[in-house]
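Protein chains: 2
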Amino acid sequence: MSPTPASDGPLLEFWFEFASTYSYLAAMRVEDAAEREGVALRFRPFLLGPLFREFGWNDSPFNVYPVKGRYMWRDMERRCARYGLPFARPEIFPQNGLAAARLACAAEAEPWLPAFVRAVYRANFAEGRDISVESTLEAALASAGADAGWLARSSDDAAKRRLRESTDEAARRGLFGAPSFLVGDELFWGDDRLEDALAFATRSRG
Amino acid sequence: MSPTPASDGPLLEFWFEFASTYSYLAAMRVEDAAEREGVALRFRPFLLGPLFREFGWNDSPFNVYPVKGRYMWRDMERRCARYGLPFARPEIFPQNGLAAARLACAAEAEPWLPAFVRAVYRANFAEGRDISVESTLEAALASAGADAGWLARSSDDAAKRRLRESTDEAARRGLFGAPSFLVGDELFWGDDRLEDALAFATRSRG
Numbered sequence: 010m011s012p013t014p015a016s017d018g019p020l021l022e023f024w025f026e027f028a029s030t031y032s033y034l035a036a037m038r039v040e041d042a043a044e045r046e047g048v049a050l051r052f053r054p055f056l057l058g059p060l061f062r063e064f065g066w067n068d069s070p071f072n073v074y075p076v077k078g079r080y081m082w083r084d085m086e087r088r089c090a091r092y093g094l095p096f097a098r099p100e101i102f103p104q105n106g107l108a109a110a111r112l113a114c115a116a117e118a119e120p121w122l123p124a125f126v127r128a129v130y131r132a133n134f135a136e137g138r139d140i141s142v143e144s145t146l147e148a149a150l151a152s153a154g155a156d157a158g159w160l161a162r163s164s165d166d167a168a169k170r171r172l173r174e175s176t177d178e179a180a181r182r183g184l185f186g187a188p189s190f191l192v193g194d195e196l197f198w199g200d201d202r203l204e205d206a207l208a209f210a211t212r213s214r215g
Numbered sequence: 010m011s012p013t014p015a016s017d018g019p020l021l022e023f024w025f026e027f028a029s030t031y032s033y034l035a036a037m038r039v040e041d042a043a044e045r046e047g048v049a050l051r052f053r054p055f056l057l058g059p060l061f062r063e064f065g066w067n068d069s070p071f072n073v074y075p076v077k078g079r080y081m082w083r084d085m086e087r088r089c090a091r092y093g094l095p096f097a098r099p100e101i102f103p104q105n106g107l108a109a110a111r112l113a114c115a116a117e118a119e120p121w122l123p124a125f126v127r128a129v130y131r132a133n134f135a136e137g138r139d140i141s142v143e144s145t146l147e148a149a150l151a152s153a154g155a156d157a158g159w160l161a162r163s164s165d166d167a168a169k170r171r172l173r174e175s176t177d178e179a180a181r182r183g184l185f186g187a188p189s190f191l192v193g194d195e196l197f198w199g200d201d202r203l204e205d206a207l208a209f210a211t212r213s214r215g
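The listed protein sequences correspond, in order, to chains A and B. The letter at position 114 of the first sequence is residue 123 when you use the numbering used here, and the numbering goes up by one with no holes. The letter at position 102 of the second sequence is residue 111 when you use the numbering used here, and the numbering goes up by one with no holes.
Check the hints yourself; a few may be wrong.
All copies of an identical chain are treated as equivalent in the list; a pair is satisfied when it fits inside any one copy or across any two copies.
[Stated by the list, open to error] Below, simulated SDA-like cross-link-like pairs (lysine to any residue); rule was C-alpha separation at most 20 Å, straight line:
hint, residue 1, residue 2
1, K77, Y31
2, K77, D194
3, K77, G186
4, K77, L60
Since the hints were made in silico from the structure, they are not lab data.
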């Protein structure tokens, strides 16, 4: 994974929220998919909460609208089976992904970031673990081959500021859910638009 | 198109609302797709309004949440281009599809129903026509090879009752948007789940 685009190549921005179910699907496959298409990839952690509050939601829309939630959990089972991903519905939803998101902001330029992100998603949606606690993040860092010292970085002012700025940027650029993909100003929403986003990036290579 | 399943075959129910943008995408391709997979198909017109009101929405969610609306119109352009479908953003959204839906309920067993449905969707999303007026519905009937006399059936008590019952049934069976597909009790939401619904139907053939 290259966190910055080749100077002449298209860039796919992958915007994700650690509490988001469909972001799990995309996080587990986006690196391989971008590499296959020769598209540079940038991981963009952000928070959905502030965006949802603008809609008047103080919770996940899947909890605000239970009929949508029931469907989503079944759809996740099916999609995970289709992708060959493990899945176990977490007892708590949505989980608090704040510390994980700050850590991902701190590590935005690190080569192990995608592996860390996948480890956090597995902890949330396959392993029934609480992603807000230090031991889970430590294990995710370890599985990504990163130094445990990174954990402290999640509470740095710089990481906190970076996450706030990214969340503001998400709202400014028209995001309203996760996962989202941006190729320049072109927005694609949902795991099931990953292929479209990559095709758009490939065409924009010209 | 067979409106009823072969006795030993799976049935795909296609639930649609004439005002719904993504239902247009599905309506234009569902008949060919089901035929290709050997899956019997039933067209199920219903109204989204009563379901949305349960969510506290008195308008399309794409109007209630403008940031979602902006995205949807761009996504529709892209999706129509991908499918080779004509598209022109209607001046009025959502349109009033009540009469068209009642007519479709009256004609549920008619072989020309799918062609009529497609003609109404083209009028709405490609031709900039008002689908609530008689002349549009007359033209749609004519293009489907149906007798103009069917127009009067849209105001029959039987058609009105059938549409109310279908809308109640949609809510009871867990629908919350359109298009939706049902294979037995298995629900799939969105044009981009048509292929999954057909695959599920094919597997359930055993």
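Numbers of unmet hints, in rising order:
none
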